[in-house]
Amino acid sequence: MLKIWNMKQKQQQAETAASGGKKKKVTAAQLRVQKDLSELSLGSTMKTEFPNPDDILNFTLTIEPDEGMYKGGSFHFTFAINQNFPHDPPKVKCTQKIYHPNIDLEGNVCLNILREDWKPVLNLNAVIVGLQFLFLEPNASDPLNKEAAEDLKSNREGFKRNVRQSMTGGSVKGQSYERVQK
Amino acid sequence: MAEVLQKNGVSAPRARWKHLDKILTRPGPFTDEDWVPGEDVIEGLSRTKILVIGAGGLGCEILKSLALSGFKDIHVIDMDTIDVSNLNRQFLFRHSDVGQPKATIAAKFVERRVPGVKITPFVGKIQDKDEDYYRQFTMVVCGLDSIEARRWINSTLVDMVDEDDPDSLKPLIDGGTEGFKGQARVILPTMTSCIECQLDMHAPRAAVPLCTLATIPRQPQHCIEWAHIIKWEEERKDVTLDTDDPEHITWLYQKALSRAKEFNIEGVTYSMTQGVVKNIIPAIASTNAIVAASCCNEAFKIATNTNPPLGLPGGNNYMMYSGDDSIYTYTFEHLKKDDCPVCGNVAKKLEVNGDMTLESFLESMAEKPEAQLKKPSIRSEEKTLYYQSPPSLEEQTRPNLKKELSELLENGEEVVVTDPAFQISFKFKLLFK
Amino acid sequence: MIETTPPPLQGPTSKEKKYDRQLRLWAASGQAALEDAHILLVNSGSGVLGVETLKNLVLPGIGNFTILDSSVVSEADLGINFFLEEDSLGGFRAEHTCKLLKELNPDVQGHFIAEPIESFITKEKPLDPYTLILVAAPIDPEILTKITLHAQATQKPVFYFHNVGFYSHFSIYLSHVFPIVDTHPDSATTSDLRLLKPWPGLLEFMTKKTTDLEQMSDHDHGHIPYVLLILYYLEKWKGDHDGKVPRNYKEKIAFRDQVRQGARTHTAEGGEENYDEAIAAVLKSLNPPSASSAVKEVFKSEECKLLAKDSPSFWVVANAISQFYEERGELPLPGSVPDMKAQSADYIQLQNVYKSKAREDFTDVVSRVRRLEDKLGRTVPVADKEIEAFCKNADHIKLICGRPFHIARAGEKVRWNERAKVAASMLENRESLIHLYIAFLAYDIFTNSHDADALGGAPLAPGEQDLQLDGEKMAGIAYKIVDDLLTEANKFLEGEEYDTVKSRTKQFVEEIVRAGGAELHNIATLSGGLIAQEVIKAVTKQYVPVDNTCMFDGVVSKMEVLRL
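Protein chains in written order, with full-length UniProt numbering: chain A, 1 to 182; chain B, 1 to 433; chain C, 1 to 564.
No lab work stands behind these hints: they were computed from the structure. Don't take each hint at face value.
Stated by the list, open to error - In silico BS3-like links for lysine-lysine, alpha-carbon gap of 25 Å or less: (1) B:LYS278 x A:LYS119; (2) B:LYS375 x B:LYS336; (3) A:LYS47 x A:LYS8; (4) B:LYS237 x A:LYS97; (5) B:LYS349 x A:LYS24; (6) B:LYS231 x A:LYS146; (7) C:LYS123 x C:LYS17; (8) C:LYS355 x B:LYS261; (9) B:LYS348 x A:LYS24; (10) B:LYS261 x A:LYS146; (11) C:LYS102 x B:LYS278; (12) B:LYS349 x A:LYS93; (13) C:LYS480 x C:LYS491; (14) A:LYS47 x B:LYS337; (15) B:LYS231 x A:LYS91.
To be verified - These stretches of chain B come out as covered by chain A in the derived footprint (C-beta under 8 Å, 3 or more residues): (16) 144-151; (17) 198-207; (18) 341-350; (19) 390-398.
Said to hold, decoys possible - Residues from chain B that keep clear of chain C, each with C-beta distances beyond 12 Å, as calculated: (20) GLY28; (21) LEU66; (22) LYS125; (23) THR138; (24) PRO166; (25) ALA289; (26) PRO313; (27) GLY354; (28) GLU381; (29) GLU404.
Only a predicted model underlies this, so the values are computations on that prediction, with no experimental measurement involved. We put the CB at the ideal spot given by N, CA and C, even for glycine.
Make a model of the complete structure from these sequences and hints.
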């Protein structure tokens, strides 16, 4: 054991802090999220809210599209990040019941980088950009909400009407949706 | 009988350790020139206090091997209880032990089998213990299946290193297995590549797009994941899924099976359902033996200097093992990463006035030559002190700028400062003058 | 969705629960083979490695084991063997290790024989009850010869191993020819899609699914399985290239560009996943369906060509498949299709197209097997299941031709025969562990000529008593083995090269002598894991076993497999 320490002393090292009792230290996940947050570019259509500002691993994101079919809506997502971030992707759910081909009625979101294409090098900004994109370009192939996807595929104008209808809190094909207008 | 015992030298005090003592009392062609074998080595080994994290497949083997390698003071942490599916490899447990805590049963068994060894169990999480606890050990051996736990102990041990105190450096020896494959690695915190540097060695779990599960399932696994991720929440939202509850697995299995029928997909079984939902990794006694013994061999070499261990700076620190197609090992040096968020920047001591405001502290950071931060964000483990971005968080944390450091932090607490202009982050331990 | 009646619960049995984590590796068939096996351990020396090996076989549920060991438990045994306790002192080691091993798994039958091997081996067919034999060094070379001759005559696997200090070694003789069908190849490298040689049914399905490709809706276009896309563009390519498929790298790249140009880019994602998959698959999937050289080797072997009435069923099936291959220029289709972007129904249909062709090929092979059986006058037909497994994995079967391992004797040269050239060339590799192997051969010669009491009793290990003298003797023996090997291989080494070989050999020798015959528990545990794993492979005939010698160096944590 002694020998290793000799090597350690030979290594050029910056001055490190004295061991100071059982002080808690910033976790690797917190550290990474802090970095990601500082690189976030939200623009005018998105904002975050931290119910507890000391807990940066849990927050909500609101997207208010200023163009496209979902313009005028205000959509809320919860972000839950675990201590294994960035090995594990963040868990993202929509908190409202909305009419969207890629978001199901439980709030599950179909976005590749949240599951199969997640890599630790991706950051929170990439996820947020991806979410925003879903409202500009809803994708009818391989949907989570099949009815909405069918509508989008077969009748784009009808789909647009349904989106407006659902956003005011109305029903589409017997399914009622939450009012999400600003 | 008496004659037999005589002949085998039962009267000699270390007759039992005849084999071990050959190695402890003789130099070899690879031992250090200034290494002095004999009494001191034997004494040093028996005084080494070693911590084993995990009392599962690897842990059982590690405890046994350490006890029969001359370690006398062993501690073991595990939060789990014994399950019947452990019995095909976790050989310190019997059918009658099912439901009992692993750490306690394993410790008792090895103590009984190897007299003179003391094994102290702790049933709980590694996060329940603080630096004071980890400081008592000479080194730590990990037999874990969780990446999260590995990262936690790694960063804890890295942060404990104190330049002025040789005892603060705790070698970390880590093993892992999957089926016929495994690895053993040695980490000297802050000196060589750490678990965080090596995070890319753990392949992320393969995932299938949610939309495939929802609309175009093609494989039996897709049907199971659909039941697991989508159907459960739709129908049993209020029940927390317990993957050890047979009723829950059966429910998922039946949902998956009927979905598979609907799409003409073959192959959904109960066992596959369990495997997918619990993310079961195949595990066998032989691979555990190989990896655990390799870890203990390194621990033994570190504790005794009887031969050079893996993990010395500039040397190999990682052994990859694969046994499904003949036998293959690759032993190499995994290089330390300069920008590693854990060991790339060890916290620096910084003396400050406790009555300084956070705002003036951040301004002083901008002036520090090594930092020169433009838009610093700063936090402690418990508090988000001040973030420049996103705007809502900036607004929420702005009041802290006017507060004094001593209001926000305890003396000696660690803070992390990041700045978009820098790849790495800065850690400081703030000591109040 | 119509609610179907819930299917009956097929929960796991208690055995399936206990063995769950291993059944996921070798399935019920492998487990059954383990349960049919009876392992004999011929133990000697301090005997830890053999017992550790058995531990890893008792836990997964080997049927029977027997320990043959006439030693009496000493104090020193307790410091190194986990399967002995205070109460065992003075008793027979075979009995006590057997008892404590049995505690690990109530499903396993354990037996012991405390008789000396010297008298045991002279009995009437003493080795017949066992299906696999493990032999620990040191052992009298005459007895080891008897055991290996028995193994060769009965075609049963035998293992011989050393464990000294930081080093271990084991050699395996599996049997003269040891075929493995269930090799568990890496699934990423194994799909055989026959894209260059599609059968009419597959082309028909492709044509049906790609009609009016250009006019398709984005949704349909983005869901054509990539296999069909490649086939579609291949047909187009052939039309422009005199009916020839892309043959070389350059043409494949050009073909890949052609596929890429077919992808639509105005979609929401800016591309199409199925096209991405097709593009990624071009280079690795456009290969002619010819058999691998290992498989051709099997077809060419004597056993395959010259079938006898009592040939093992493997060879009957191999012969039938070689006929199939000769006639068709391809192996039977495995029939599995990797997952790919597609509509559920299309994918299932595609799967069925492959499955039904695989079924046809299988039926063809079965009828060939039956004709062979008639011709040979065999009474017990090969099970359909076995033929099917062979067809499914035909391109990945593996044949290991067992070679008897060295039995080194005092006063006799070690013969390397046809492996001499290879072994001699390895001597110059400074990373190779051949030098360690030679040190172990020297160990055997030393123990063969030294007794603990100089009265022909237990063998004496080098370094047990006189470190200095034994070190010199051992080095002398090892150098002679090196010299003999060089002579046999007709290889000349001199000067620095020769000195390097000698000094590396000497280091291994010194480290072995340092241990004085002592085992380290860690090294025994590790090597016991390795050997148990190889026993499992040999017994289940799954995965690929070591061929035929494995060394472990615990000083640097490296293993090496040598074919000697």
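Hints violated by the structure (numbers, ascending): 2, 3, 7, 11, 12, 14, 20, 21, 25
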